[in-house]
Structure formats: C-alpha cells, structure tokens
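Protein sequence lines correspond, in order, to chains A and B.
Each residue of the first sequence is one higher than the last, beginning at 1 in our numbering.
Each residue of the second sequence is one higher than the last, beginning at 113 in our numbering.
No wet-lab data here; the hints were simulated from the structure.
Computed from a predicted structure; not experimentally measured.
Please note that the accuracy of each hint is not assured.
To be verified - DSSO-like cross-link-like pairs, simulated, lysine-lysine; straight-line CA separation at most 27 Å:
#, chain 1, residue 1, chain 2, residue 2
1, A, Lys17, A, Lys107
2, A, Lys3, A, Lys99
3, A, Lys3, A, Lys107
4, B, Lys156, B, Lys183
5, A, Lys111, A, Lys63
6, A, Lys71, A, Lys107
7, A, Lys71, B, Lys156
8, B, Lys156, A, Lys3
9, A, Lys99, B, Lys190
10, B, Lys156, A, Lys63
11, B, Lys195, B, Lys127
12, A, Lys57, A, Lys3
13, A, Lys111, A, Lys17
14, B, Lys156, A, Lys107
15, A, Lys17, A, Lys55
16, B, Lys123, B, Lys156
17, A, Lys99, B, Lys174
18, A, Lys63, A, Lys3
19, A, Lys99, A, Lys71
20, A, Lys3, B, Lys174
21, A, Lys99, A, Lys55
22, B, Lys190, B, Lys156
23, B, Lys183, A, Lys99
24, A, Lys71, A, Lys55
25, A, Lys59, A, Lys107
26, B, Lys190, B, Lys123
27, B, Lys195, B, Lys156
28, B, Lys174, B, Lys190
29, A, Lys57, B, Lys156
30, A, Lys99, B, Lys156
Stated by the list, open to error - Here chain B is said to cover these stretches of chain A; the calculated rule only asks that three of the stretch's residues, wherever they fall, bring their Cβ under 8 Å from a Cβ of chain B:
#, segment
31, 40-48
32, 102-108
The beta-carbon is built from N, C-alpha and C at its ideal position, and this holds for glycine as well.
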Amino acid sequence: SQKIEQNSEALNIQEGKTATLTCNYTNYSPAYLQWYRQDPGRGPVFLLLIRENEKEKRKERLKVTFDTTLKQSLFHITASQPADSATYLCALDISNFNKFYFGSGTKLNVKP
Amino acid sequence: EAGVAQSPRYKIIEKRQSVAFWCNPISGHATLYWYQQILGQGPKLLIQFQNNGVVDDSQLPKDRFSAERLKGVDSTLKIQPAKLEDSAVYLCASSRGTSGGVQTQYFGPGTRLLVL
Chain A
1 SQKIEQNSEA
11 LNIQEGKTAT
21 LTCNYTNYSP
31 AYLQWYRQDP
41 GRGPVFLLLI
51 RENEKEKRKE
61 RLKVTFDTTL
71 KQSLFHITAS
81 QPADSATYLC
91 ALDISNFNKF
101 YFGSGTKLNV
111 KP
Chain B
113 EAGVAQSPRY
123 KIIEKRQSVA
133 FWCNPISGHA
143 TLYWYQQILG
153 QGPKLLIQFQ
163 NNGVVDDSQL
173 PKDRFSAERL
183 KGVDSTLKIQ
193 PAKLEDSAVY
203 LCASSRGTSG
213 GVQTQYFGPG
223 TRLLVL
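Chain B with its partners taken away, still in its complex shape (with noise of 0.2 Å):
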C-alpha cells in the first residue's frame, strides 16, 4: 500500500509571495488532514477534511490560509501572501475512518517550508 504522498518536499519563498502544497492521501482514506509543525514544536491541526467536505478548520489562518479537497482525494492548502512565521513543515495525513470511533494516522514526509 502506498503511504501518503506531498510534493513539494522543500520550498523557499520571499514574503508576501504565495506558495501551494500538494498532498495525495492513502488510497481509500475518507479523512485528511494538514498540520503545521514549527521546529521544536508538535503539529498543530490546520484543517480536517471528511471526504470532500470541512469538519474542522477553526486554527487555520483563514486570512492567508486556504485548502481544498476536490474529489475527495487530492488536498492542497495554499498560503498567500506568506509571512515570516509560516516558517514551518506541513504535514498532511490521512485515516481510513469516516465518523467517530479509534482512527491511526498515517503522515507522509512533509513540505519544508523556508519564508524570506
């Protein structure tokens, strides 16, 4: 089975410019999700998507931040404009499970990003 794919895997940007990730979730899994984690720190859940629709975005940035999940499959989360404190790795990961009960995650590499 193929783990949870991102692209890119590294990203330097200026500030103010706009960056998007890419992230292809286990193939089957009904929930995604997209944490950010600042070096030193735990992730931190941005969004969690069931299927196509939104169960929970309330600490992402909704001012600069943006995700979608068309299809149900395929998310991308995109930043604009970026500011210095995006400095961070984005994780995407995905369950299997479509409501309630015990959920395992499965992470993939992660998007390095680096904010100028």
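Just chain A, same shape as in the assembly (with noise of 0.2 Å):
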C-alpha cells in the first residue's frame, strides 16, 4: 500500500538546536515534495519545495534533502526558536497533476 511516513512522537528541542524532521514514502515516484507548517486552529502554510532532482534547498534557516533511492526527505531547523514550534506536514505529488498526499506531521517543541 501507498504510505507517507513522518514521527508521530513530538520533537522536543531546546533553543538554539538544529531541529531535524524526517519523511518516508512507499510506492511513489513523486516529482518534487513539499514542506508545510501548520499552527493549531489553522490551516498549513506553504514552506519549501524540493524537486526530484534537487539533492537540498535552503530558505534562511531551512534546509530540505530529497534522497529518491531512500525514498526519504529530510527537514532541518537550524538555530531554531520557540516560535518555530508548530507541526510540519511533508506533501508528496503523486500524480504529476498536483494531486498531494500528506504526512500525519510531526509536533515540533522548541523549549526556552
């Protein structure tokens, strides 16, 4: 079966650490994989995109690999800040026609 998988435990880091996500996927072929944001009570707010590819993409204190023979992609958080606590959600396009699957996220806490 199809499956997009990120840790379901939260992620509990101190201030200051480099936070790091993962997401795992079966039996796709995406042609690129984003990363979403989302705060409770809202909805999940567009960060970074990765094409197939693309090894690694940076946006200020993000950085995202996308590893297609591991079927993996990694999220990091560098210098990270008690406002970046919040889930992130990886979504793959699965059909080349913008068709997104989503992960179940992973709950970031980022202590003072």
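Quick one: dock chain against chain with the hints and give me the complex.
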C-alpha cells in the first residue's frame, strides 16, 4: 500500500539547536515534495519545495534534502526558536497533476 | 492579496443532518482543493477542481459528500447525511496553475465540524 510516514511522536529540542524532521514514503515516485507548517486552529502554510532532481534546498534557517533512492526527505531548522514550535507536514505530488498526499505531521516543541 | 476564505469556522450538528461549507479561493487561482483533516492526521484530499471541472474525486465518499465549483470561483462542499466519523476540519486550498508544473497550495483557516 502507499504510505507517507512522519514521526508521530513530538520532537522536543532546546532553543538554538537544530531540529531534524523525517518524511519517508513508499510506492511513489513524486516529481517534487513540499513541506508545510501548521499551527493549532489554522491551515497549513507552505515553507519549501524540492524537486526530484534536487538534493538540497535552503531558505534562511530551513534546509530540505531529498533522497529518491532512500525515498526520504529530511527537514532541518537551524538555530531553532520557540516560535518554530508547530506541526510540520510533508506533502508529495504523486500524480504529476498536483494531487497531493500528506503525511500525518510531526509536532515540534522548541523549549526556551 | 486576500487569502483563501472559508465559512463557517465552526459547525456542530446532529448525525444524519446535512451541512455545507463554503470556500472562496485566492483571486485568479484556477485549482481548488477540499481536504479533510481528522485530529492527529494529515490533510486527506477529497476533491480537486481545475476551474469548474473535477480533476480528481477518487477519495470523496460520493454516497454522502458532494462538491461543486460553479463559474470556476467559489466552491461548496456538502455532507448529507452526516456521520459521527465526519467530525474533522475541512480545509480548502487553492493554487495558481492550470496544468502540471510545480504548484504551491494556499490554505484557508478551515471549518471545524463536530457531529454529535
């Protein structure tokens, strides 16, 4: 069956450290993968996308890697801040027609 | 630029009742999505429109759910009759593109539905 897996357990880290979140998938060959942030009571907000032919993408304190052999994406937040606390979702375009499947998300808690 | 608007924000109904949700996408966005997000899970795509045509509705429970996007702008999602397991947040999203390519989705705040 088709799956997108993210750590269901919350990730607790200290302010200033690097947070690393994982997104694993099976049975897909996505053209690209996206990461979203979702705060309680709000809709997801787009953060970054990475294409299948890209290994790494950066935006300010955010970095995404994409390994199509391992079928895995890693999402890093460097110098984390309490304001980074949220749920982070990965989404795959499985159809090349912008049909997205989302993972269940990982809750990040950054402690001051 | 105004974001994606949804209403109502909250709705409480009894099982077997009907409910409708409304979405107004970002102006000029051709593609509109409806997602269902159950507590603790990621959004699940229910239906995808491109302009006023359906691109994908393979995960829409068609015996009770329906959606339309008249004139290729606003959209409504209806549940009739509602079941307890329909309790969730219903998210509307839109994206600019009309075909293929890389698209970024912009989400509305969602409608939180509780079925008693």
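Hint-by-hint comparison with the structure:
For the proposed pair A/Lys17 and A/Lys107, the alpha carbon gap of about 16 Å is at most 27 Å, so the pair holds. Under the criterion of a C-alpha separation no larger than 27 Å, the hint pairing A/Lys3 with A/Lys99 is consistent with the structure, at around 15 Å. Only pairs whose Cα atoms come within 27 Å are accepted, and A/Lys3 paired with A/Lys107 is accepted, the gap being roughly 19 Å. Note on B/Lys156 and B/Lys183: the hinted pairing holds, with a Cα-Cα distance of about 25 Å set against a maximum of 27 Å.
Taken as a hint, the A/Lys111 and A/Lys63 pair is honoured in the structure, with Cα atoms around 21 Å apart against an allowance of 27 Å. Pair hint A/Lys71 plus A/Lys107 holds up; C-alpha atoms about 21 Å apart against a cutoff of 27 Å. Using a Cα cut-off of 27 Å, the hinted pair A/Lys71 and B/Lys156 holds, with the two alpha carbons roughly 21 Å apart. Taking the CA atoms of B/Lys156 and A/Lys3, the gap is near 13 Å; set against the 27 Å cutoff, the hint holds.
Using a Cα cut-off of 27 Å, the hinted pair A/Lys99 and B/Lys190 holds, with the two alpha carbons roughly 21 Å apart. Taken as a hint, the B/Lys156 and A/Lys63 pair is honoured in the structure, with Cα atoms around 25 Å apart against an allowance of 27 Å. Distance restraint check for B/Lys195 and B/Lys127: the Cα-Cα separation of roughly 5 Å lies within the 27 Å cut-off, and the hinted pair is therefore satisfied. Proximity of A/Lys57 to A/Lys3 is assessed by CA-CA distance (about 24 Å); at most 27 Å being required, the pair is judged to hold.
Only pairs whose Cα atoms come within 27 Å are accepted, and A/Lys111 paired with A/Lys17 is accepted, the gap being roughly 10 Å. Simply put, B/Lys156 and A/Lys107 have alpha-carbon atoms about 18 Å apart, close enough for the 27 Å limit, and the pair holds. For the proposed pair A/Lys17 and A/Lys55, the alpha carbon gap of about 23 Å is at most 27 Å, so the pair holds. Pair hint B/Lys123 plus B/Lys156 holds up; C-alpha atoms about 20 Å apart against a cutoff of 27 Å.
The straight-line distance between the Cα atoms of A/Lys99 and B/Lys174 is roughly 18 Å, inside the 27 Å bound, and the hint therefore holds. For the suggested pair A/Lys63 and A/Lys3, the alpha carbons sit about 23 Å apart, so the restraint of at most 27 Å is met. Pair hint A/Lys99 plus A/Lys71 holds up; C-alpha atoms about 18 Å apart against a cutoff of 27 Å. Under the criterion of a C-alpha separation no larger than 27 Å, the hint pairing A/Lys3 with B/Lys174 is consistent with the structure, at around 23 Å.
A C-alpha spacing of about 22 Å is found between A/Lys99 and A/Lys55, which places the hinted pair at or below 27 Å, so the restraint holds. At most 27 Å may separate the alpha-carbon atoms for a hinted pair to count; B/Lys190 and B/Lys156 meet this at roughly 16 Å. Proposed proximity of B/Lys183 and A/Lys99 is supported: the alpha carbons are some 22 Å apart, at most 27 Å. A distance of roughly 12 Å separates the Cα atoms of A/Lys71 and A/Lys55; the hinted pair therefore holds under the 27 Å criterion.
Note on A/Lys59 and A/Lys107: the hinted pairing holds, with a Cα-Cα distance of about 20 Å set against a maximum of 27 Å. Taken as a hint, the B/Lys190 and B/Lys123 pair is honoured in the structure, with Cα atoms around 13 Å apart against an allowance of 27 Å. Of the supplied pair hints, the one linking B/Lys195 and B/Lys156 holds, its CA atoms being roughly 17 Å apart against a limit of 27 Å. Annotation: proposed proximity of B/Lys174 to B/Lys190 holds, straight-line Cα distance about 10 Å (limit 27 Å).
Taken as a hint, the A/Lys57 and B/Lys156 pair is honoured in the structure, with Cα atoms around 26 Å apart against an allowance of 27 Å. Simply put, A/Lys99 and B/Lys156 have alpha-carbon atoms about 11 Å apart, close enough for the 27 Å limit, and the pair holds. For the segment 40-48 of chain A, the assignment as covered by chain B holds, since 6 residues bring a beta-carbon within under 8 Å of that chain's beta-carbons and 3 suffice. With a threshold of 8 Å between beta carbons, the proposed coverage of the segment 102-108 of chain A by chain B holds, since 4 of its residues qualify and at least three are required.
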